[in-house]
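Given the coordinates of chain G, work out where chain R should sit on it, guided by the hints.
Number of protein chains: 2
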Amino acid sequence: MPRGTPTVIPDDGLTTRQRRNQPVLAVHTGAGKGKSTAAFGMALRAWNAGLDIGVFQFVKSAKWRVGEEDALTALGELHHSTGVGGPVEWHKMGQGWSWIRHETDISDHAEQARAGWREIADRLAAQRHDFYVLDEFTYPLAWGWIDVDEVVEVLGGRPGRQHVVITGRNAPDALISAADLVTEMVKVAHPMDAGRKGQKGIEW
Amino acid sequence: MPRGTPTVIPDDGLTTRQRRNQPVLAVHTGAGKGKSTAAFGMALRAWNAGLDIGVFQFVKSAKWRVGEEDALTALGELHHSTGVGGPVEWHKMGQGWSWIRHETDISDHAEQARAGWREIADRLAAQRHDFYVLDEFTYPLAWGWIDVDEVVEVLGGRPGRQHVVITGRNAPDALISAADLVTEMVKVAHPMDAGRKGQKGIEW
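Read top to bottom, the protein sequences are chains G and R. Numbering of the first sequence is given in our numbering, commencing with residue 300 and proceeding in unit increments. Numbering of the second sequence is given in our numbering, commencing with residue 300 and proceeding in unit increments.
Just so you know, these hints were derived from the structure itself, not from any lab. Remember, it's a predicted structure, so these values are computed and weren't measured experimentally. A portion of the hints provided could be inaccurate.
Because identical chains share one entry, a pair is satisfied inside a single copy or across any pair of copies.
[Stated by the list, open to error] Computed list of lysine to any residue pairs in SDA-like fashion (alpha-carbon distance at most 20 Å, straight line):
#1 K486 / A330
#2 K486 / R468
#3 K486 / S476
#4 K486 / A473
#5 K486 / N469
Here chain G stands alone, though its shape is the one from the complex:
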């Protein structure tokens, strides 16, 4: 979309530059496709702007986003070898978070999800990344595994200019209210309905 002119100039005492540099909290929700895909598309822009990217995949099996993981990880390696773009870290809950893989096993999914969120909260406090993708993070919220109010408080108080994109169906109202940008992906037609199966390069 074009970089349109704001419809309202807020009376917040900020200059345009200060306002431009405000961190964004985006939520991609709804039953349609493209929630995670658009988040990873945003990561392309962030990478090109030299931002430090951290992806945290909740819930899903590790294999379901292997295409995006391999491609974005390749861009992260390109950054390390040539200096272009930004670094990329990719963490997933499916096989146990990498940072706890060698510690005590956490077999309970709810506890795994909470361990992921604790790490993210720590990284936000430390300003570890510039651009976070919390993929499928709405599910542990919707299932009550992680406290939504705590998440909203931590995100609202995050220091610096850290952008966060959260994906998944059924985003809780408190999260929607806290977000700067919410897009609902609505399913209009899908080949699954006609009996097709997913295929490599398209679905994963």
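The following block gives chain R in isolation, referenced to the frame of chain G:
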């Protein structure tokens, strides 16, 4: 999204493998964000699967997707230097299509758009790419610059296994009907509404 089980097994005489390999025509439409971004996110998966990617940007100024262009072009170069992933070509109408830049100038936008479509139709006939992004292609269709029925006919008759993703608001009904997968991006909240301006790494 998970690779779910189809809800209907079609009586089309195809095996699951044949059905899996059917080319997909996807449309991302609606007033919300993420239409193009999700298309470029899909290109990440396609790249990783080794598919040959062709991006064709209609209408927009060249600078608006520079982040995605640079990142996907970097992946295309990585393919050429290391063999991983697939090749990437990126063409845009904003500065004149690359393949006609040195021929007679086409100053009329409608004629430029038609020239872009003619090239795409030729490439589809020749099976030049495996994965096409026709970014903002709905606008020249909605404005009557390019005939929708002809587009639907060419897309419907395209040979081989060429996937096509078309983005933009106001997708014509005939295109929606012809698509295998349609997602409407609905705007729920947007920082522009609060007087924010776009920022590098997020908006472009």
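Going through the hints against the structure:
1. With identical chains, the CA atoms of K486 and A330 are at most 20 Å apart both within one copy (6 Å) and between copies (14 Å).
2. When the C-alpha separation of K486 and R468 is checked against a cutoff of 20 Å, the pair qualifies both within a copy, at 12 Å, and between copies, at 15 Å.
3. Taking the closest pair of Cα atoms, K486 and S476 come within 20 Å of each other only across two copies (14 Å); inside a single copy the shortest separation is 23 Å, beyond that limit.
4. For the homomeric pair K486 and A473, the shortest alpha-carbon distance between copies (17 Å) is at most 20 Å, but the shortest distance inside one copy (24 Å) is not.
5. Taking the shortest alpha-carbon separations for K486 and N469, both the intra-copy value of 14 Å and the inter-copy value of 16 Å come in at or below 20 Å.
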